[in-house]
Amino acid sequence: MARYVVATVDDIAPGQRKLVQVQGRDIGIFNVRGEFFAIANRCPHEGASLCKGRVVGLVESSEPGSYQLSRPGEMIRCPWHGWEFDLRTGKSWCDPQRTKVRAFDLKVEEGAVLVEETLLRAETFPVSIERQYVVIEV
Amino acid sequence: MSTLELDRGPPAEAKLRVIDCDIHPAMNAWTEVHPYLAKKWIEHLAVYGSHLRHAFSEALTHPRMSPDAARVDAYPDEGGPPGSSLALMRSQHLDPNGVAFGMLIPLRWNPGSQRNLDFGVALTQAMNTWQVERWVKNEPRLRASILIAQEDTVGSVAEIEARASDPNFTQILVLPRTDEPLGRRRYWPIFEAAARNNLPIAVHVGGTNGHPSTGGGWPSYYMEEHHAVAETMQSVLSSLVFEGVFERFPGLRVVIMEGGLGWIPSFSARMDKHWLRLRSEVPHLKRSPSEYIREHVWFTTQPMEEPGRASQLIDLFDRIGWDRLLFSTDYPHWDFDDPRHAFKAPLSETQRAKLLYGNAQAFYGIG
Amino acid sequence: MVAGRPSADIDHPSTYAGAIDCDLHPALPGMHVLLPYLDDYWREMVSVRALDRLNLSLTSYPQNAPLSCRPDWKPEGATKPGSSLEAMQSHVLDRYQPRFGILNCLYGAQVMHSEDMAAVFCRATNDWIRDEWLNRDPRLRASIVIPAHNTELAVAEIERRAGDPRFVQVLMLVSGEVTLGRRQLWPIYQAAERLGLPIGVHAGSAYRYAPTSVGWPSYYVEDYVAQSSAFENQLQSLISEGVFAKFPGLKLVAIESGLTWLSGFIWRADKTWKGVRAEVPWVTRAPSEIIRDHVRFTVQPIDAPDEMVAIMRLIEHLESDELFLFSTDYPHWQFDGDEVLPSGLSEVVLQKILCGNAQATYPRLAEANSAMEVNA
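Residue numbers (the working numbering), protein chains in the order written: chain A, 3 to 140; chain B, 36 to 402; chain C, 4 to 379.
Since the hints were made in silico from the structure, they are not lab data. It cannot be assumed that every hint is accurate.
What the hints assert, rightly or not - When the alpha-carbon atoms are kept at most 25 Å apart in a straight line, the in silico BS3-like pairs for lysine-lysine are as follows:
#1 K20/A / K54/A
#2 K102/A / K277/C
#3 K93/A / K77/C
Stated by the list, open to error - Sample of chain C residues facing chain A (criterion: CB under 8 Å; computed from the structure):
#4 P69
#5 R73
#6 K77
#7 E155
#8 A248
#9 K249
#10 F250
#11 G278
#12 V279
#13 A281
#14 P284
#15 W285
Said to hold, decoys possible - What follows is a list of derived Cβ distance ranges for each label pair:
#16 G286/B / H35/C: 48 to 58 Å
#17 G199/C / A15/A: 36 to 46 Å
#18 G245/B / E79/C: 44 to 54 Å
#19 E168/B / L59/C: 33 to 43 Å
#20 G17/A / T287/C: 40 to 50 Å
#21 S68/A / P190/C: 12 to 22 Å
#22 D201/B / E37/A: 54 to 64 Å
None of the values given here were measured: they were computed from a predicted structure. Backbone N, C-alpha and C define an ideal beta-carbon position, used for all residues, glycine too.
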C-alpha cells in the first residue's frame, strides 16, 4: 500500500466531488459536510462511472406510507441503474455482502506533516506546509 | 452471484462489434420537427399539444426514478436532453461500444397514442423525415424506423408505402398499448403492408391506450409499472398468435423490444398448453403457438435478466433460442445495457458474436 | 403422515393418499339453493326480479368450455360441473383419498357490482358451502367467499366464518376493482392476518377493466392465458405496496396461476427493485425473499411441456421447495387420467408438495377434525 496526495482540502467543497486517477484506478473523492470519502469510480454492476451519479441521502421506511431521509449526501446512486452505494463503506444498500465497490482509506493531513514523509507520492500536488491535503491509501 | 468488485478497468479485449437494436434519439427542442410539419400542425402542436388517454398530456403516467428516464451521465455539455446530441451519442456510445449499426426508436410524442388521428398521422410523417434528416444522413451507422399512427390504418399504410423503398428505414414501429390488442383484425392492413414490403414490425414498450396497466386496475408505483410493461408484451404476443396474424401473413416478422426475456419460455409453454385444450375456439391456428413464435418473433435483449446463477441465464437462452435474440442497449435510458457487461454468464466467442451482431445482421439484412 | 404408497409409478391414484388438495371447485346448481339463507327482502327480490333465472356463468370460466370441466368429470344429467358432492367424491376425494380438500367456490356473487347484493349472496354461498359440503364430508375445508370491493362487508363476512375452523382461507380473484396491494383493501388483509387465514388469490376476473393492458382480446383462450400475467402484476402490487411489510404474518396463496412464470418474475422484480427502491422504501428485501416467506402456489396447471423438469427448475430458481401446494383444480381439465403430478420427483419434494407445504400454509388444518363441529 502506498499513500498518495490527491487533492487539497480546498479543491473539494462540501457537497462536491473530484475524480482522480491513482495507480491506474479511477477514484472519486467526496466531501460530505467536511468529511472525505473515496470510492472506486466503477459500478460493479455494468461498469458505469459510479462517481458521476447523484449523491443522495439514505431513504428508509418504518412502514408503508412513511418515508425517512437520513444521512444526507452519504449515498450515491449509480448514474445508470440507480443502485445505491454507501460512500462510507462502498457497499450497495440492496446487497451489501456481494455487491460493493472498493472504498479507500483516506485522511486529511497537514502539509507540515506531509513534507516530512519520504514515501509519499505527491507528483501532482507538491506539498506546501501551509495547506491541508487529502491523502489516499491505495 | 459472485462478488462484484471491479475497481480496475477491463483488460485489453477483442474489439467490440455490435448492432444496437434500440437507441432513443431525442430533440433538442420541439421546434426541430417544425420543418417537417405543415403550418397548421405546428400551430396545433403549440396550442393543443398532445392529447392522450390519461390525466397528463405531457408527462408519463408514472414518473421515473431518473430524469428523462435516462442515464445521469448522458446529458450533453451543450445542453438538451439525453439522446439529443449526435456528438455525445458517438463519443459516449457508438464509438466506444463498437456500434456498427444502431436502430433508432423515437418515442416522443407517442404519435400512435394521439387521440386526434390526423394529428398523430402528421406527427409520424414529420418524425420519420426528422429521423432521416437529423440523424441517418449525418451518421451512416444509424437506421430509422417508420413510425405509424396505428389507430388510423389508412394513414399508417400510406406512410409505410411512402417510406418502404427508402433503405434508411429498416422496420415499422408500433408501441404496444394500442386501443385493441395488436393482433385484432382492424390492424391487419398494417401487417399486410409490412409483409408486402418485407419490413419487420418492431413493438417497443410504450403507448397509452386508456386501459389500466393491469387487468385489475392501475398500479400505484413505477416499480409496478416497470414490471407491467413486460406483461404488456405477453399480451401482444398472445394476440398476434391467437388472432392468427402469423397464419394469415406467413412472411411477417416481429421484434419485441425492451420487454425482457425471462417470461418467454414459460409464456410460450402456457400458450401451448391451453391452446391444446381450447383449440376448438381458434380453428384458424394450424400450428402451436410456440411454433409460430419460433418462426416469426424475435426479442431484443435489454433489460437483460440477471438470474441467481450464470447457468440459469444460459438455460434461458437455450430455451428461447439463441438465434432469436437481438442485442440492444436502450441508450440513453437509465436501464441501459453495456455490451461488455450485460451478459452475466460466460459466452463463447461464437455466441457473443451472434447475440451482439450476427442475429441482427440476418434479421435486418444489413452489414 | 402420508400412507405408504406403492413403488409403482405416480399414475396410481393411491399415490396421493393423505395429500391436501388445495384447489377444488364446488359449483352452485343454481341460485335457488341460496334461498334458505336469504332474508325476506332478498328472497322477495330473487322472486320479483327473477334473479334465480339469471345465468351467472362467469366469463372467466364458460361453463361448457373444455377447460372448465374434464369430460369424464361431467356429472349426470344437466347439472353443472362441480355441483355434485357425490361426483366430487367419486372423481377425486374417494379416488385419491386426500386427507383434506379445500373448496374454492367461484360464483357470480363475488363480482356483482352492487356491494350489498354481492355481500348477501357471498354470505349465503358460504352458508351453503358449510351445510352442503363441509357438513357432509369431513375431509372438506373451504375458502371464505367475500365481496372484496367493499372491505367493511368483506371483513364482516370473514369474522362471521372465523369461528368455524373448517374455513381455512379468504378467497379473492386475481383481477378485481383495484390492484391487490392497494391500501383500501388492507382491512381484509388485517383481518386475515389476525385470524390466521391465508389470502387465496384465484385466477379469474371481475372484468372491471379490459383483462389486459392492451385491451379486450377476442378469444377466451387469450383471457385464460392472460391469467398468469395478471398474477405477475398483482403479486408485484402486493410487494410494492408493502402488504407483507405491513402484515408480516400474512400468507398468500396463488391458486391456478400457471406456476412457471415465477422464474422470470423474480429475476425482473429483484433487478428492478435495486434501481427503484427509494420509491418504495418499505420494501426492505428483494421480492424473491418476500415471496419465499409469504407466498405459496398451487400446482395445477403446470405450464410446461415437461412438468417434472419444470418443478425442479422452479425449485432451483426460487431456492426453495416449500412453495408449491398439491391441487387437482377439479373439475377444471388440467391433467388427464390420474397424472396429477409428474413422476420422477424425489420423495422429499413429493412429500412437501403433497401435504407438508400446505400444512405449514394453512395452520387451521390442524384443528377441527370432526365433520360435525359446527359453530352456528
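- Query: Does the structure break any of the earlier hints, and which numbers would those be?
  - Reply: 3, 4, 5, 6, 7, 10, 17, 19 and 20
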